[in-house]
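A.B. asks: Using the sequences and the hints given, assemble the complete structure.
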Amino acid sequence: MIRYCIISLVLSLHSIDAYKFLVYSPIFGYSHTNFMGVIADILTEAGHDVTVLMPLMDMDEVNRTGVKLTTKIIRTPQDPRVEEWMKYKSSWLSHMWTMQPSVFALMQMARNMTVAFAAQCEALITDDALMKKLADEKFDVGIAEAFSICGLGIIEALKIPSSIATFSGVHMDIVSKSIGEPIVPSYVPGHMAIKGDRMNLIDRLMNIADMVLGQKFFGDIFIEEIKVLRANSWPPSPDWIQNWGSGETLAYVSRGLPSCHPVSWRGLDMEKGYPQEHNCENDHLVIPRKDKKELFFQELLADASYVFTNSNPYLDYPRPMLHKTVPLGGITVHIDPMKNVLPKKWDDILNERNTTVFVSFGSVAKSMYMPDEYKKNLLKVFESMPETTFIWKYEEEGSKLGAHLKNVHLSTWAPQNALLADPRLTVFITHGGLGSTTELAHLGKPAILMPIFADQTRNANMLAKHGGGIVLTKFALENPQIIKDALKKIFNDKSFSQNAKRLSEMLRNQPINTEELLIRYSEFAAKFGRLPNLDPYGRHLSFIEYFLIDIFLVVSSIIVLVAFIAFKIFLIYSPLYGYSHTNFMGAIADTLTEAGHDVQLADEKFDVGVAEAVGICGLGIFEVLKTPSSIVTCSNVHIDIVSRSIGEPLVPSYVPGNQEHMKDKDAEYLQTETSTFLTTTLKIYKKLWSFLQEILADASFVFTNSNPYLDYPRPMLHKTIPLGGVAVRVDPKKNVLSKDWDSILNERNTTVFVSFGSVAKSIYMPDEYRKNLLKVFESMPETTFIWKYEEEGSKLAAHLKNVHLTTWAPQNALLGKLYFLPTHFLLPSIKALSSNSPSDDNEISADPRLTVFITHGGLGSSTELAHLGKPAIIMPVFADQVRNANMLGKHGGCIVLTKLALEDPQILKDALKKIFTDASFSKNAKRLSEMLLNQPISAKQLLISHSEFAARYGRLPNLDPYGRHLSFVEYFLIDIFVVVTSTVVLVVFIAFSVVRRCFAGKSKSKKE
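In case it helps, mature numbering (1 follows the signal peptide of the UniProt record, and there is no 0) puts the sequence shown at residues -18 to -1, 1 to 990.
Because the hints were derived from the structure by calculation, they are not lab data. Keep in mind that a hint or two might mislead.
Ranges between beta-carbon positions, derived for each pair [as the list claims (entries may be wrong)]:
{"no.": "1", "residue 1": "Asn336", "residue 2": "Ser393", "range": "33 to 43 Å"}
{"no.": "2", "residue 1": "Leu523", "residue 2": "His947", "range": "20 to 30 Å"}
{"no.": "3", "residue 1": "Leu535", "residue 2": "Tyr953", "range": "35 to 45 Å"}
{"no.": "4", "residue 1": "Arg626", "residue 2": "Pro319", "range": "37 to 47 Å"}
{"no.": "5", "residue 1": "Cys980", "residue 2": "Val194", "range": "45 to 55 Å"}
{"no.": "6", "residue 1": "Gly449", "residue 2": "Tyr953", "range": "18 to 28 Å"}
{"no.": "7", "residue 1": "Asp110", "residue 2": "Pro319", "range": "44 to 54 Å"}
{"no.": "8", "residue 1": "His947", "residue 2": "Ile541", "range": "23 to 33 Å"}
{"no.": "9", "residue 1": "Asp892", "residue 2": "Lys777", "range": "27 to 37 Å"}
Heads up, the beta-carbon is just placed ideally off N, CA and C, and yes, glycines get one too.
C.D. replies: So this is what it looks like as structure tokens:
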């Protein structure tokens, strides 16, 4: 009921088109099919046309599809080779109970599993009738779990414009690596790790080994499936078969990509990322490339619009993620009390005693496969605690195992969700499967977790770190007393229940619910297709480039060469202020006020303090006032020092810094002095600096003025909330332009607006630059120029009829919705036009007659440009403006020139002519605008929901990564590298010495 209401509310808030989705969900393991089934049902409930393709792999699970509402289900038969493999299912499931719970043990099963998945994939791709039927459906989006790569390969073969990769676990290291998301084994446990986030040297070494072997485990499956897909391409054609492995690959323009943006059909390793400056006469291009057969699965994963995971950032270990990764953890949990009503049988059982324990080890390594010794020891625990009722999910029909115990109830099935939601259930003993772990977390039940295999140890440790559970190894079943002691501890210590309930409340009230995330992001993928905006360039870098090893070697060499040169350190104090900062903070305050919150400065107890990080004073005041929660803001895309303080990775190998690409001498000086200031602070005020870092890290969230669809893709913590565009106001209903500005824009076919912002104003421009701008205006009499020139009464352009000067211009009115221009700001040249203007309270919308915006690249102007789809020429002046300009330029809607281009009028004129005559600039700008205006979750909604969440729950240690406490050596695993390298060198040396002695002995024998 709750889910239905949520989805109905989502549908009522915005009109949607009904899209066609293909969900690929092999019937293999209920946790996988349940996750995919829920995704299908929610999209169906949201009004979309959903088809579920379900290749049958496990006959025991044939009726457990996870699908309840979706009616279009296509089942394909089990391949005979898979059937043969499944004959050994009970044998290897029994073995799971006694083998060590690590990826090392799982590698023994990898080969047979690889053959089985490849065989089922081959049966599917060679079914021509089925493939044709699916192709004729013309799906908008294909969704497939990355446990197997076959689904994404099928989606590619069917020419479905957009794909979404999913994973029913928290995350897959091989997927993260493929999409360019950082893997940080120094503090983030791998998919099958056996330790938590606080690891010593040996633990980190084991974590690396688990990650490497885990990637090999899935990589072997993927590669075998890719071989099958290559050998049996569809539609069947000699050309297709040749192209799968040849040096040439057919490229096509998929739905929604920028114009003239080639994407390869089979390789997807082409001119990928952002539109190039060229025109295409034909969308179908043949582009040569070097095919990498064994790495093709990486491109399939990277080309997915999104990756949906079963992780939840408030439950999982904090880790840096790309915006491409969407965590949906909890989407399978039913919290609706109407659906969790227990039948009378179970209600009576829960009423028998004051304490009740539910025991279940999941749907894979079932209790019936447990060694007899373990079963007997569990019964000993039950027998020793007659005052407690035990419900044991035991899958053997008609078993008499616990018949002699009155306090034990055996059942082949139990309503797990409803039982966990009932307050009479005291403790849950479980295996740590992600489904059960997530249910536990959402329903607030204390637990004893006994992991058996795969990712269960990681899941168990993940939940236990919140203080609501105890983790035991499965080998604790050899000693009944250990389990009994753990149960008594939870019965007697109320903190387990309290911690579990707090976590449950947070998960139930998280800022954006998972159903809404699923619907919004799926619809966005359907509307815009593949999203190169979210594809980080870092995934194309080599190991040496990514980790800046080449930079380190070059810099180290230079330092060694010039070590004898002395240098001085200067400390420059430069307080920062400006309209862009106050405008961003004002938009935040206004948005919270509109949402009904009290935003003021008064003698009262505040729930949340919000301050920008350009000065630490605001956050310090919040500390003094003992404000329960604080939020840090950045009115620019991000601040490196804030990222460093909160534990967010800085990746200078492919993510430009805040002041990146500043070429002029003033910018270099600013960078040098800023660096010097920080260095000096670190040396002299180390303790103070640590305190300041803690203030930043203690903030519940960090609000930035970045937008992931506009900015360079980079990994972020879930603590960082991008609000780029929150200060841009767009109202499509109010699109009538006033008579004053209508007259100006009607003067000529093309109109150019020129503004260099509110800091480095046009009046401070060198005379030579001003004269050259006027030369450009004069040479283009067929174009109207509106120039924001801040000198009152200036006659600079009085001799040019096509130029209008003003001390203030309605930039947001020309580019988007804002207020009309007050007449007292106008110079005489256009004041006369304003006599009939509406009142200042009226609003106007963007006008297509404004052709080009010439601007400085301030973040405010750049964000407005991006949201409102206006082509531009950007001429950065200082600070972060070069970065902003290049950020916008990569989307193909503008031309970036240096400010030194003002020395030559012809350069600017040529740039204007290029935009006038090349329609791709306008097309690309409009596509980006549509994406930003229709992004899955609006900046305003993110601001309100996260601010309210911070007010309700205060500081959030859930989102604080342990990695920020690690030293440089630990974080980058340098100690591991030194130990491993030393060990290898030592082993090689010993081996060499032994071999040399052996040969020396033989030579001596021959001589004798």
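A.B. asks: Next, verify each hint and record whether it holds.
C.D. replies: Now the hints, each set against the structure:
1. Asn336 with Ser393: 33 to 43 Å: For Asn336 and Ser393 the Cβ distance comes to about 21 Å; the hint is violated.
2. Leu523 with His947: 20 to 30 Å: 28 Å, holds
3. Leu535 with Tyr953: 35 to 45 Å: 20 Å, violated
4. Arg626 with Pro319: 37 to 47 Å: 45 Å, holds
5. Cys980 with Val194: 45 to 55 Å: 33 Å, violated
6. Gly449 with Tyr953: 18 to 28 Å: 26 Å, holds
7. Asp110 with Pro319: 44 to 54 Å: Between Asp110 and Pro319, where Cβ atoms are some 49 Å apart, the hint holds.
8. His947 with Ile541: 23 to 33 Å: Holds - the Cβ-Cβ distance for His947 and Ile541, about 29 Å, lies within 23 to 33 Å.
9. Asp892 with Lys777: 27 to 37 Å: 29 Å, holds
Checked against the numbered hints given earlier, the structure breaks hints 1, 3, 5 and satisfies all the rest.
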